[in-house]
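> Same order as they appear, the protein sequences are chains A and B.
One point on numbering: in the numbering used here, the residue at position 392 of the first sequence is 392, and numbering is uninterrupted.
Converting from the second sequence to the numbering used here requires adding 532 to each position, the first position being numbered 1.
Bear in mind the hints are in silico, worked out from the structure with no lab data behind them.
All of these numbers come straight from a predicted model, not from anything done at the bench.
Hints may be right or wrong, so weigh each one.
As the list claims (entries may be wrong) - With the C-beta cut set under 8 Å, the calculated list includes, among others, these residues of chain B facing chain A: (1) Tyr629; (2) Gly662; (3) Ser739.
For every residue, glycine included, the Cβ atom is placed at its ideal position computed from N, Cα and C.
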Amino acid sequence: MNNQLAFVLNAHMPFVRHVEYDRFLEEDWLFEAMNECYLPILRMMNGLMNEGIKFQLTFSLSPTLCAMLTDKLLQERFVGYLNLHIELGNKEFERIKVSGDEKALRTLELYRSNLAMNLEDFENLYKRNILEGFKQLSELGYLELITTAATHAFLPAYESKPVAVNAQVETGVMSHAYNFASQPSGFWLPECGYYQGLEKYLKSSGINWMHLAAQSLILSDPYVKRGNYAPIQCRNGVYGFARDYSLTSLVWSNTTGYPCDKDYREFYRDIGYDLPLDYIRPYIHEPDVRVFTGFKYYAITGKTDQKILYDPDKAAAKVRLHAKNFVYNVRQKGLLLDSILDIDPVYTLSFDCELFGHWWYEGVSWLENVIRECSVADDMSLITPSNYLEQGYDAQVMEPSFSSWGEGGFSGVWIDNSTNAWIYRHTFEAIKNMEELAVRFSQQASLKQRLLNQAARETLLLMASDWPFMIHNRTAASFAQETLSSHIKNLNLVYNSMCKNAVNTEWLVKAEKRNNIFKYIDYNIFNPEHLS
Amino acid sequence: MVLLNIDALSTSELQYIASQENIDDWEELSREELIDSINELYDGMSEDPNKGTHRFLNCLSDVQYTKLMNLPGVEALPDEYLETSIHMIMKDPFWAYVFWSISPNAKSECIDRDSDYRIFIRTNAFDSAGKRIETYDINVGQGDRSWTVALPWMDTTYQMDMVAEYPKDKVFEVLASSEKISTPPAIDPTVIESIRGTAQASLIISSISTKTGEMMNNKVVSDLFSKLNSGSNREGA
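Just chain B, same shape as in the assembly:
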């Protein structure tokens, strides 16, 4: 993944991108203003403020491309599928993307049972032996279909349930359960303590940093790096 700087682009290319991105009055903007506007636009799209510059190459190619011709008989993608399900994908060791759908039939049944029903997502956490160690609920709106859910503990297995609550009878019903996903194990603090400031720590740090000491963009790596770097240099490594 090569990330090149926006400054490398010619003014005509910048204008081209600005026009494609519907930036207001792009024809009137100076080069600097174009760079600022495009950077602002792309930064706004990024969740991560430390994110590098976007690759503009394919932006330039992504222009009035011919709409792909559908094959005969295919139908448009549905907004929803006719099933009741919930799925979870781990984004990183701390967050999961959870999405769900409720079939029209299931929705009708919920309404029939109690028109004031509400849906929430229940997070179940299990230890390595499969024992449930924590359960907590997240209220979601009737129209919600996906959430990013925190995974508080490493080395833990998670499963999400989509639950309907019927206030009239004060009962709950699990409508669907997701797959189980396990977060990776955390590094044992005693191991970190045992190698901190040693040649072994140098070995590890050299594996994850540039020669100028720049660390890769990764929260767990950064934590490890600061832990390994704190304290005295015991072997002069």
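If we strip away everything but chain A, and leave its shape as in the complex, we get:
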């Protein structure tokens, strides 16, 4: 029996580029992910490849993330971020040396070494473009790179706006072609949000498979014969891979998942919050806004304020143990399925990429250990969905069911009356106006074309799933609300300008500079005729 593991990691960040400020708080989200996740994970994969270890993983790189990773301004700012944190690391060395605490010193060395290697890789290996690292591994056959909706829009909310859904899908595919010079086979449905019929837009954009929430197939009619252990095929030919709930819960659970282990590093105890302002001031935001610095010295320990110091050796041993435990659980599941399934199972293991290294500090090392375990096991292999399908496979033909991987399994997180549902009054109106503009002013040239293209960018940006998610969770809710509002206001301005047959050039120049995403966009994508 061959247990086939399809890891699918979704790397996504909302568009948080703010050219108008020298340093913008929310840009740190991107830099933290680059520093703690994307660069370390690339280094890990390159290391395995150089050792001759074969593996196959799938990465979805969202168009908004790709746009920011290839943006010169943000690349420059990331170098500044790294240098600032290297400086803080040096200052920390002096501080901790005095205390003589060996564990803290060893933890600090991990951070300092990561920062130094990241700077080296970023500047010299990737020439500031991290996407190149993913592209190279993809070309060498280690990775399958896939795309997602243009701004990671939660598509079930826009079921009644087919033109906008199609624009999200088509622009997502265009972004992939622009960044990787290839057509993606797979599509990460943002938040695993699926509604019946969505696959037709994927099909028309050349997508062959999509990733689904765990319950999507189970709740379908007719019932799924092979559970989540084999892809299904929609009637239009697009394949669907459903997430394996039990195996991903070993990592994902916020109460029992591996990242909760007491020996792992505590995410929340950061010197940005713990040290005196006079010391930390140069490394946080003005005016004295405490933020995470990435320097964290404590272990999770337990439900206590009295955390013990993080012990890197202890954590490394736990990582190895958890990797073996994961493989053990896969094997056990395989044994259960062996007597039931008519084929070898494939387990779709999907995660937010930023879990590894950023949220779960030891996550990259855990993934490396799982890959190593798989490489020496004769009953286990890593596979990408496309490679799986290439083997030739007789799939059950059925329609998945409406679902997401959010709380409750449907759309409640993104459409919540008490927090975020109000946004749809505005986003629906904006989409309607954008479609009207595309019909009334089709095939414009010069300034008007630029104005309408910018309107199309703003329309896609306002549809991002991140804004309702943050408003729902009250996490950076005011930022999300303000950002969403600004995109709607921009779209409204274009609508009013075009209705008056005028172009506000000052606005246009500034808007193009600020929201400079999707350089290749053609606003005619919002013309309903384009869909038909």
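Fit chain B to the given chain A structure using the hints.
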């Protein structure tokens, strides 16, 4: 989506969140009291009592952020748009979020026709052949602009109408109709019966539960799980 426990936060961080959330006397509260207050606050915001702990990370970052600078010429978002429309978005197979607006002109026309007019939302349900199978009305207030409306049947297409009733002439007028939305099909009970207690049921259950038997938080999945789990184990699976 990583959900970490509030207990993991340091006391200073808890105080920070409490201050940002305007919790009274946060400086005087003990660690336990801070945790209770924050949990209470967040639980109150949640419709779902089973909801997991919130992610506090970005709360910490969401502080005196610089107000985003508007681009030149943009105008504030309107409270209402000058059109008469009604829209519906499915929240889950049982509930839809419905929102509507009435343009000032339409409102004037209603008043001109009958100042005692009232607005209600009419739910139309259609079967798979497009035949109307049920219609029922929901009274809404003049100031209401959105409701969460129950969708009683699965595998059914729904459309909402915004209707004005003019008592003087005893007539109704449909002011706007929403898009049509279909709820997903229910699982055939005979299929459930045929696989209950079999190896096939084990296969399905293993797809939606953790290794310790914990079920995902989803009403339809829970129903399916209990149906599959009831009855005897016919194949010893």
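> Next, verify each hint and record whether it holds.
Hint-by-hint comparison with the structure:
1. Hint on Tyr629 (chain B) holds. Least Cβ distance to chain A is approximately 5 Å, under the 8 Å limit.
2. Below 8 Å, beta-carbon pairs count as interface contacts, and Gly662 (chain B) has none with chain A, the closest being about 16 Å; its hint is therefore violated.
3. A hinted interface residue such as Ser739 (chain B) counts as satisfied when its beta carbon comes closer than 8 Å to some beta carbon of chain A; here the least separation is about 4 Å, so the hint holds.
In the structure shown, a violation is registered for the earlier hint numbered 2 alone.
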